[in-house]
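From just these sequences and the hints, can you work out the full model?
Whatever position you read off the sequence shown (first residue = 1), add 5 for this note's numbering.
Hints listed in this document are in silico derivations from the structure and should not be mistaken for laboratory results. One or more of the hints may lead you astray.
Claimed, not checked - Taking lysine-lysine and the DSSO-like style, the derived pairs with C-alpha atoms no more than 30 Å apart in a straight line are:
{"#": "1", "residue 1": "K208", "residue 2": "K131"}
{"#": "2", "residue 1": "K153", "residue 2": "K33"}
{"#": "3", "residue 1": "K208", "residue 2": "K139"}
{"#": "4", "residue 1": "K153", "residue 2": "K212"}
{"#": "5", "residue 1": "K220", "residue 2": "K159"}
{"#": "6", "residue 1": "K39", "residue 2": "K99"}
{"#": "7", "residue 1": "K61", "residue 2": "K237"}
{"#": "8", "residue 1": "K220", "residue 2": "K168"}
{"#": "9", "residue 1": "K61", "residue 2": "K189"}
{"#": "10", "residue 1": "K237", "residue 2": "K219"}
{"#": "11", "residue 1": "K246", "residue 2": "K131"}
{"#": "12", "residue 1": "K174", "residue 2": "K159"}
{"#": "13", "residue 1": "K159", "residue 2": "K189"}
{"#": "14", "residue 1": "K174", "residue 2": "K71"}
{"#": "15", "residue 1": "K131", "residue 2": "K33"}
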Amino acid sequence: MKNLFISIMIISISYLAQSQSAYDIVDKAENMYKGRTCKGSFTMTVVTPEFTRTVKMDSWWVGNEKALIIIKSPAKEAGNKTLKIGNEMWNYLKATETTIKIPPSMMLSSWNGSDLTNDDLVRESKLTDDYDLKIIAEETIDNEMCWKLELSPKPNAPVVWGKIYYWVKKVDNLPAILQFYDEKGSLHRTMYFSDIKTMGGRKIPTKWTIVSNKKQNNYTTFVYDNVQFDVKISDRIFSFKELEK
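Right, here's the structure in full:
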């Protein structure tokens with residue numbers, strides 16, 4: 006009986022140690038390229054078999070709670086904006102000077118024609134809060150050893166993914182790949198992190214490539230032109246006055 010108790014304790018301690026380690030890995034990886042706050046400029050390129058579209062934007066973020074994104078070019082879209090506060094989202098169309106609240110029925114629609122959805126922005130969650138995490142393997146990605154982590158939704162978590170697999174590089178704890186599976190176990194899309202550079206005072210992947218596994222030859226890239234982390238951002242930025250000016 007004593008030996009059984011000791012065995013159970015060892016297994017429990019090992020499980021907690023791995024869970025804590027998995028938590029730390031994901032938390033650090035997320036914070037490395039998001040920060041507590043950030044502001045910057047980036048270029049989004051949407052590629053489909055029919056067309057290629059490039060959009061330049063400025064953005065301000067406070068954690069996963071608030072965001073303002075302003076399109077700077079092309080000229081016909083310049084001034085269009087997206088405001089996110091908590092789980093709500095609005096689009097402002099400069100040409101018609103109208104503000105549209107995104108209804109639940111449009112949450113799975115494409116955001117600005119990209120491979121992201123409106124729901125991705127609204128419900129962009131802190132992975133360590135909404136998912137149970139565990140290390141399931143160590144694998145080599147682009148000649149670098151990575152942890153492979155499995156993320157499973159916690160009960161009642163407000164998320165759309167049935168499973169996420171996350172590869173994080175061991176050498177610097179930067180993200181390498183994210184795979185998103187729906188509740189039926191079908192791979193929906195894959196996100197690749199690349200072009201590691203020092204920007205905003207930290208080493209980050211400056212290019213994200215989102216490949217659709219549902220639409221052949223469709224993908225979207227986001228490339229940081231510049232970014233600053235952990236800077237003070239006024240609440241005024243996240244207001245309807247700012248959205249509609």
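Hint check results:
no.: 1; hint: K208 x K131; in the structure: 21 Å, holds
no.: 2; hint: K153 x K33; in the structure: 15 Å, holds
no.: 3; hint: K208 x K139; in the structure: 25 Å, holds
no.: 4; hint: K153 x K212; in the structure: 21 Å, holds
no.: 5; hint: K220 x K159; in the structure: 29 Å, holds
no.: 6; hint: K39 x K99; in the structure: 28 Å, holds
no.: 7; hint: K61 x K237; in the structure: 23 Å, holds
no.: 8; hint: K220 x K168; in the structure: 20 Å, holds
no.: 9; hint: K61 x K189; in the structure: 35 Å, violated
no.: 10; hint: K237 x K219; in the structure: 39 Å, violated
no.: 11; hint: K246 x K131; in the structure: 28 Å, holds
no.: 12; hint: K174 x K159; in the structure: 25 Å, holds
no.: 13; hint: K159 x K189; in the structure: 16 Å, holds
no.: 14; hint: K174 x K71; in the structure: 28 Å, holds
no.: 15; hint: K131 x K33; in the structure: 12 Å, holds
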